[in-house]
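Undergrad: What follows is the residue order along each chain.
Protein chains: 2
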Amino acid sequence: MSDPTILERRTRHGGRQSKHRARGAAQSHPPYITRRIPPYALLDEEGLAAIEALADRILEEVGFEIRGDEEAIQLFQSAGARADGWRLRFPKGLVRAIVQASTPSQFIQHARNPARNVVIGGNHSVFSPAYGSPFVTDLERGRRYGTLEDFQNFVKLAYLTPFLHHSGGTVCEPVDLPVNKRHLEMVYAHMRLSDKPFMGSVTTAARAADSIALCRLLFGAAFVDKNCVILGNVNVNSPLVLDGEASRVIRTYARANQAPVCVPFILGGAMGPVTTAGALAQCFAEAMVCVALGQLERRGSPAILGNFLSSMSLKSGAPTFGTPEPALAYFAIGQLARRLRVPLRCGGNLCASKVPDAQAAYESANSMWPAFLCGANFILHAAGWLEGALTMSYEKFIMDVDQCGAFQTLANGMALDDNAFAMDGFLEVGPGRHFLGSAHTMRNYETAFYEFENSDNNSYEQWLEEGSLDIKERALKTWKRRLRDYQLPPIDPAVDEALRAFIEREKAASPDAWH
Amino acid sequence: MSDPTILERRTRHGGRQSKHRARGAAQSHPPYITRRIPPYALLDEEGLAAIEALADRILEEVGFEIRGDEEAIQLFQSAGARADGWRLRFPKGLVRAIVQASTPSQFIQHARNPARNVVIGGNHSVFSPAYGSPFVTDLERGRRYGTLEDFQNFVKLAYLTPFLHHSGGTVCEPVDLPVNKRHLEMVYAHMRLSDKPFMGSVTTAARAADSIALCRLLFGAAFVDKNCVILGNVNVNSPLVLDGEASRVIRTYARANQAPVCVPFILGGAMGPVTTAGALAQCFAEAMVCVALGQLERRGSPAILGNFLSSMSLKSGAPTFGTPEPALAYFAIGQLARRLRVPLRCGGNLCASKVPDAQAAYESANSMWPAFLCGANFILHAAGWLEGALTMSYEKFIMDVDQCGAFQTLANGMALDDNAFAMDGFLEVGPGRHFLGSAHTMRNYETAFYEFENSDNNSYEQWLEEGSLDIKERALKTWKRRLRDYQLPPIDPAVDEALRAFIEREKAASPDAWH
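Protein sequence lines correspond, in order, to chains A and B. Note that the working numbering has the first sequence beginning at 965, numbered continuously upward. Note that the working numbering has the second sequence beginning at 965, numbered continuously upward.
You may find that some hints are simply not true.
Identical copies go unnamed one by one, so any copy, or any two together, can satisfy a pair.
[Stated by the list, open to error] Simulated crosslink set (DSSO-like; lysine-lysine; CA at most 27 Å straight-line):
no. : residue 1 : residue 2
1   : K1279     : K1441
2   : K1056     : K1441
3   : K1120     : K1471
4   : K1279     : K1444
5   : K1145     : K1471
It should be emphasised that the hints constitute simulated quantities derived from the structure, not laboratory data.
With the rest of the complex left out, here is chain A (with noise of 0.2 Å):
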């Protein structure tokens, strides 16, 4: 394993490992992934048209309702939609024709640091923070409500590393602020503290055109009206049902030509059916019809398809993650979003553990896997996430991060070129003998492999010598190291007191409210 030879040389060539640091650093990476790999292919034609015409199915004989926005009701019954109070029921194929007749299939989400830009879409994955834990915790302070000094520490934190490209949404609930005034340092934060895409509040239709009025600011109205520069996370009320607030934001997003991110939560045997093909036709149904409701407000506007598939404990009935079935339905939307051709967003390295521990670890790449193989566009949920959403941590934020890496790497494919034949090595080096020093190897050796920077692979000696390490110790001083190191990137300060100046005139504007 420690051949002298490559040893010795990497000493006289002085300092291999620095310059592997440096290649960590977010510069030298790209902003967003393309993905060189096919995506996995679960169902076949015939599956897929099933699963579609399931989804025809409920759409026209159970219906959708829009619950308390009577704009919203108008606009699919001008597109052809029956109306029954809140209730709308689409005739075979209309939803999907609407979506398709505009829906740009990939877009551009800039960022106000150009080289930050995302594409979502196409062969492009875009790798975000999780979102909305009301808790967060680290392996000194313990689990605690998060604060603004949390969510800025994420915002750190993702925009430190090069395999997060989005600086996410609510990162963590910052509950030391007014539930009504939360919005405004939550955006400010992404756009001060990062220089990376983020998304706006979603809670409710004004505070979305607030975060949109301060990408105005950022970026100028005429730049945010021709391009995308914000993404909203609006949830269904799954089963087939759209609250009038949540359906005023997708639209509020929409008019302004920002991109909302369409997302059923279906937990199987709550919030739809337990077998999993019911569950991803009705989670492709609502989130089609969300998608749809975007470009009857404003043609040819972004937006992404989500989905949220959970499984269920049948001891106790609480969701769990990690598990087969939602994998299955992954790797189907994958191929339903294809063909429906929208950007997808999926999830991310979710799980119900309480810590970062193996749990933690197996159920998270077990959602990221089918994530990432179903080829998905957007995945939230990245990084941090702990207990069902519930707790946003520092420790598993930077393991998380490590895996996003070795993602980002598996994207690139194998090379197949004369230099990756290694045929100069197999002639060079024989049978028998070790190509440590050999020529193809000192070429290669410093972009050969992905290394994941909190893995211990030292020798078990070794590894006791340093204190018998889990690597949740070692991802916590990683985090506090990275914050410490931590420099706030360059800002127009004539933007930034235009931004402060709007966010302090809406705070005086209302009285604090804490629900």
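For chain A, the structure is supplied; the task is to place chain B on it using the hints.
TA: Below, chain B alone, put in the same frame as chain A:
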């Protein structure tokens, strides 16, 4: 989550939980996996042909040495290879032609309990425990050398789970036994403590012969001559060398119509090139030669094409696991093996971690997903592996088995029938209501979702009350309970007596050797 309707019904129906537990017992699960989902196709026809051509070039231009086995050299010479001392050079396509002329594309490995027979090849997968660790570890006693008692414990644990289909081979090294007599007690433990199929000794040809002799006593000599009842896992001395003892072991198994598993072990940059395509072609070439050797010894005898491709730490030269490069190689070798029409071995739940922490789990899942999706037929190291195969962990074994169960469910694919489509459920429930008490849910609830036995899906508060356990602490309880509840499977006393007599005779015939 805890809708009273279903919880009431559950109680009324009396112990759904105990039924679930019963479903978990070995008898109700199939003895091996039949994959109803397609394998993942990484490379296209052109890419696969390029790798095959490279393997041909390596075998022709560099060659392959069988050092110290003149019979093997002669067998290949007679088949058309050119020999120069121990170095063989093969005209393009020769090795492939030998392999394809007679190697079965699938075969049955018989168990002494016919209900445990496994099919190796085709669209079947067999999971087998980890192999070869000198050390064992558990949470209470820590890391120590393995003993026969540990060996027996792992055989019992593999016997007790429906998610391992195979008893394995050297599940750990029983270092308390003399080196030259270990194999007898190892094979006996597999035969006596389990009734699943197993692997024999490969350290010398004589020990391989002993392993087969014991099989003749257990299964009958005539049966053994006609049927596969034992596998022998033989490592190639990569690059491009097979030592004479290993080659005689391959021939010993093949001559007895038993299956050698031919496994190049390639740490990229050491025993092969650092570039994946080159290492893959080398591995494929080496494994094909070994399979061909078995065919030349006895045409039509079963064999398994193995591979072990690992990456390396740039910092230390240590092997690394769960990285993307071996994953890509797995995907490709799955395709190559199918084109060759020979059963494929991949491993498993591999990792470098010293403890069953999140590192162990991420890396293991990253190895297992590509091993499974590439269509591997025999997955060695499916449970227990820690620390690059140096240590067998009781807790990791239990956790890995949970994961194996998930892949078994994944393999079933997605049901596409009226029940799975759940249209009756949608019509019954409608928008905005819960599926929990619906007829469709009640009809499907019990079989809906796979659940990890050792995962905690409870609320944070429940988890705190139960002691804030890491999964490894739950796994500790599980393996101790299982070993406590273990019951010896019955065996014909006359056969048992014959086995013991053979073993005692062999032991008495030579002095103990300790290295």
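Undergrad: Under the constraints set out in the numbered hints, which ones does this structure not fulfil?
TA: 2
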